[in-house]
Amino acid sequence: MERTLRRFPALQAWLLLLPATAWLVIFFVAPLVIVLIYAFLERGTYGGVIWIFTVENFQRVFDPLYLDTFLRSVYIAIITTFFCLLIGFPLAFYIATRPQRKRNALLLALMIPFWTNFLIRTYAWLTLLRTNTGLINVSLMSLGLINKPLPLFGNDFAIILGLVYGWLPDMVLPLYAALERLDWSLIEAAGDLYASAPKVFLRIIWPLALPGVVAGSMLVFIPSLGAFVTPAILGAGKSLMIGNVISNQFLAAHDWPFGAALSTLMMALMLFGTLVYFRSTSQKGAIL
Amino acid sequence: MQLANSDPLRRQERAGAKVNQKANLESTGIAVELRDVVKRFGEVTAVDHVSIRIKDGEFFSLLGPSGCGKTTTLRMIAGFEMATSGQILIEGQPQGYLPPHRRPVNTVFQNYALFPHMNVYDNVAFGLQMQGIPKKEIVHRVMEALELVHLKGMQRRRPRQLSGGQQQRVALARALVNRPKVLLLDEPLGALDLKLRKAMQLELKTLQDEVGITFVYVTHDQEEALTMSDRIAVMSKGRLLQIGAPQEIYESPQSRFVADFIGETNLIPGEISSSDSGAGIVLFGSAYTTAGWVEEGLRIGEQGLLSIRPEKVHIYPADFSQTPPHMTRVDALVQQVIYVGTDTRYVLELPNGVTLAGRQQNTIPGGGQFSIGEGVILCWDPDHARILRE
Amino acid sequence: MTTSAGQSKSVGETQPLDAVSAPAMLPESSASRRAHWLARIASFSLSGYGFLGYLFLYLPILILVFFSFNASRSTAQWAGFSTEWYVEMVNDDQIILSLWNSLFLAVVSTAIATVLGTLAAMAMERYFFTGKLMMDALLYLPIIIPDIAMAIMLLIFFNISGIGFEPWKVHFFGVELAVPYSVIIGHVAFNISFVAVVVRARLSQMDRTLEEAAHDLYADNWQTFRRVTLPMLMPGIIGGALLAFTLSLDDFVITFFTSGAGFNTLPVRVFAMIKKGVTPKINAVSTVMLAASLLLVIISLFMRRGGEETSIDIGI
Chain A
18 MERTLRRFPA LQAWLLLLPA TAWLVIFFVA PLVIVLIYAF LERGTYGGVI WIFTVENFQR
78 VFDPLYLDTF LRSVYIAIIT TFFCLLIGFP LAFYIATRPQ RKRNALLLAL MIPFWTNFLI
138 RTYAWLTLLR TNTGLINVSL MSLGLINKPL PLFGNDFAII LGLVYGWLPD MVLPLYAALE
198 RLDWSLIEAA GDLYASAPKV FLRIIWPLAL PGVVAGSMLV FIPSLGAFVT PAILGAGKSL
258 MIGNVISNQF LAAHDWPFGA ALSTLMMALM LFGTLVYFRS TSQKGAIL
Chain B
80 MQLANSDPLR RQERAGAKVN QKANLESTGI AVELRDVVKR FGEVTAVDHV SIRIKDGEFF
140 SLLGPSGCGK TTTLRMIAGF EMATSGQILI EGQPQGYLPP HRRPVNTVFQ NYALFPHMNV
200 YDNVAFGLQM QGIPKKEIVH RVMEALELVH LKGMQRRRPR QLSGGQQQRV ALARALVNRP
260 KVLLLDEPLG ALDLKLRKAM QLELKTLQDE VGITFVYVTH DQEEALTMSD RIAVMSKGRL
320 LQIGAPQEIY ESPQSRFVAD FIGETNLIPG EISSSDSGAG IVLFGSAYTT AGWVEEGLRI
380 GEQGLLSIRP EKVHIYPADF SQTPPHMTRV DALVQQVIYV GTDTRYVLEL PNGVTLAGRQ
440 QNTIPGGGQF SIGEGVILCW DPDHARILRE
Chain C
84 MTTSAGQSKS VGETQPLDAV SAPAMLPESS ASRRAHWLAR IASFSLSGYG FLGYLFLYLP
144 ILILVFFSFN ASRSTAQWAG FSTEWYVEMV NDDQIILSLW NSLFLAVVST AIATVLGTLA
204 AMAMERYFFT GKLMMDALLY LPIIIPDIAM AIMLLIFFNI SGIGFEPWKV HFFGVELAVP
264 YSVIIGHVAF NISFVAVVVR ARLSQMDRTL EEAAHDLYAD NWQTFRRVTL PMLMPGIIGG
324 ALLAFTLSLD DFVITFFTSG AGFNTLPVRV FAMIKKGVTP KINAVSTVML AASLLLVIIS
384 LFMRRGGEET SIDIGI
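Protein chains in written order, with my numbering: chain A, 18 to 305; chain B, 80 to 469; chain C, 84 to 399.
No wet-lab data here; the hints were simulated from the structure.
Treat the hints with caution; some may be incorrect.
Claimed, not checked - When the alpha-carbon atoms are kept at most 25 Å apart in a straight line, the in silico DMTMM-like pairs for lysine to aspartate or glutamate are as follows:
(1) B:Lys214 <-> C:Asp303
(2) C:Lys358 <-> A:Glu59
(3) C:Lys358 <-> C:Glu171
(4) B:Lys214 <-> C:Glu294
(5) B:Lys274 <-> B:Glu289
(6) C:Lys215 <-> B:Glu160
(7) C:Lys215 <-> B:Asp410
(8) B:Lys391 <-> B:Asp410
(9) B:Lys215 <-> C:Asp303
(10) C:Lys359 <-> C:Asp175
(11) C:Lys359 <-> A:Asp173
(12) B:Lys391 <-> B:Asp422
(13) C:Lys358 <-> A:Asp173
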């Protein structure tokens, strides 16, 4: 037995992989396939499905109501990614340019919110943003700076803020990883060759940080697109994203096929984004 | 991978159980034998039909530039790679598909490969523990090994607390403590600085003499190989070019590569022509010399290279008339004079434009006796020259 | 000039970028002086920005903790110090039960996922075989896929398969729990990949020659694994386990959808509380969870002593 294993090392590999693969195939791949199948079935009267093939579910997506939610979700995800990049890049740059010891402390300080429950961090903003009882409005009004509470809650603004806050570490970490590998002597060489600071950034720093940018963007865009908790808590039922609509199909409307279709479309969108990511990293060197 | 004669190998493998320390040495006294060993990695042939017989107790070196296959050969002896075809025998036993932990050899790795999570004692004791040797004997043998490499008292230290030279010695001790039939060393001194390397070379040689184990030593440093070895095998591009004692390799290189790789040599192109004594005569420019046939198959009329080492070229003033009759004698012009402390080196130009390197020891302080532009006479003993294929 | 070095130290940064700050002994032309000041301003702004960035990250959390000690029902107006909310929290049976549920779930799913993930990591890092690329993709999918998608597909799966939402009735440190198998299965499903990623990172950095050396010294595959590979891999395995543990504790969406009726973990309970009404009690629970995260980060820091990898390995 041992000799057979030695003759065919690939067998050893598959043996090691067996438990994990089995688990994932049964409890991940199979459910995924089921969802794909369900998307093409008709809904049953009291929930469940009827085994009739239909594309009606996908057609319903183009209903103005749902299409609007879909597009808004994409819009929110893009804005979130953009702001995470805008805020996160200088932050990553800052950390990467500190001396080693301070860097470790800073990274540790970054890990703490990263490892803290997402729900809690979203709840924190809830207490800050709420219209009449949120800290911001209460304080501003009691200081006499404003007369009416600011509309910081139950809208896209709150959701974007919550998402940016929640996923910022996911952008900063890959960016930091890319910038940390940067050879600073390149910047000195550029300066030696008469490059000004903006030029140095555009021509040297940005291209070399690009793998990190792509990785971070993917890590922010995908969960933002599929956000559920943030719009549920900060959107206050008035602002919904596609994640909430999907959830509704299963918890309230009992329209599983439609929910499956929505989910399928959402994943297709993300797959598209991921392929773009892998394409560009294969040309530029990978972070993940 | 298919072995040409796999059946005998599998049979041998079934017969060969755990490492047998008391294996009978074949009366031929051959510790390691490679019979027509080939190793291919996909399209690349790393080791090309290599056959070697390493004698018991020998310090045997595999010498060659990077990528010549010497390390792959060593790894096949150790069992980390399996030959594509051919046989490897240790003490007369074909090794077949035996994995490294069943072979009576131990390796000293280039990067030492000391286990960082164990201290020196545990590192050295590891092999003995794996063989199930009783604890008391382990303690005794580990201490003995540490003393052998002059590291007594270091047993509790961790590898990261040791210097490069010390780590190297732990690696040695860890291998030697198992009393293998053959010790394999993969460029063990590569990471050390020059002075330490030279010191370790002598230490290793002395150690080998003391312990009497066969050493198979891989290096790309020809000076190192010349210093330490009983015999050297020169390899290039997977092929074995020449095996011999250091003097033999140095004085009688059998190919251009060996002549060029070992030490310095002058290579003068010329055409093969005949002589009455059967030795080949090389025509260059308008002068004749004689030299012995070296490379097989060189025929009259073919282009060849005359190889003569700089230190064999005697330089005399132009008016010197007492050169011995059997020696080759050529006129030359001094083109460059380079002072390097112990020697003065000359670049000498022959009438047909070819340049030769020459060397004279600075026995008189102040450097060489010849200056640029001066005419000189060069002469050498034809026995010191070799004719090689281009 | 030593003054510039002294001045930059007093601004609060320890070491300006070499490329950005001008050399000390330049002649004082106006162009160079301007460049010098621009560089100092740039580096000062960067530090200021860094400070603001971290403030942004921590301020909401700090305010949250602050108000958990509020003496009134408000989460926005301070009415004095009080620990009443913590008392209420501790006396709330549902919260305590959900805490135990969370812990049990985390322990069990981490244990299973760590074993499966480590084995998978070893296979992926040490071998070449056909279909490796597909395995790679399969292992990465649970990391990439958004919570909600995974939650609903598991929901459907458990509904139509025989598994359903049967609870595992078990005694855990004296507490009687009923944890649905479905939730455990779901947690393991997403944790395997995370463990695998961390262990793979560690494994890829390991010196291969060490395993060769072990073989050379008469250790067979099992002995090599036990005496050399595993000890060296342990920090990575523990790192992966810690990550899985945290992710399991923190998970909301997948737990929410796969637990059937009536099963609460702490995050699920918190969500329900938020829906009912916002009180500082939620702040109190949040603070406790925060403290737990902090503890886990510190533990992972100690584990890091064994290796030189950056925190990126477990960050992504």
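Hint by hint, here is what the structure shows:
Between the alpha carbons of B:Lys214 and C:Asp303 the distance comes to roughly 20 Å, so the proposed pair stays at or under 25 Å and holds. Using a Cα cut-off of 25 Å, the hinted pair C:Lys358 and A:Glu59 is violated, with the two alpha carbons roughly 33 Å apart. Pair hint C:Lys358 plus C:Glu171 holds up; C-alpha atoms about 18 Å apart against a cutoff of 25 Å. Restraint check for B:Lys214 and C:Glu294: satisfied, since their Cα atoms lie roughly 23 Å apart, inside the 25 Å limit.
Only pairs whose Cα atoms come within 25 Å are accepted, and B:Lys274 paired with B:Glu289 is accepted, the gap being roughly 23 Å. Straight-line distance between C-alpha atoms of C:Lys215 and B:Glu160 comes to about 23 Å, which keeps the hinted pair within the 25 Å bound. This hinted pair does not check out: C:Lys215 and B:Asp410 have alpha carbons roughly 69 Å apart, beyond 25 Å. Taking the CA atoms of B:Lys391 and B:Asp410, the gap is near 16 Å; set against the 25 Å cutoff, the hint holds.
Distance check on the hinted pair: B:Lys215 and C:Asp303 sit about 23 Å apart at the alpha-carbon level, within 25 Å; holds. Annotation: proposed proximity of C:Lys359 to C:Asp175 holds, straight-line Cα distance about 15 Å (limit 25 Å). Restraint check for C:Lys359 and A:Asp173: satisfied, since their Cα atoms lie roughly 23 Å apart, inside the 25 Å limit. Restraint check for B:Lys391 and B:Asp422: the C-alpha separation of about 14 Å stays at or below 25 Å, so the hint holds.
Note on C:Lys358 and A:Asp173: the hinted pairing holds, with a Cα-Cα distance of about 19 Å set against a maximum of 25 Å.
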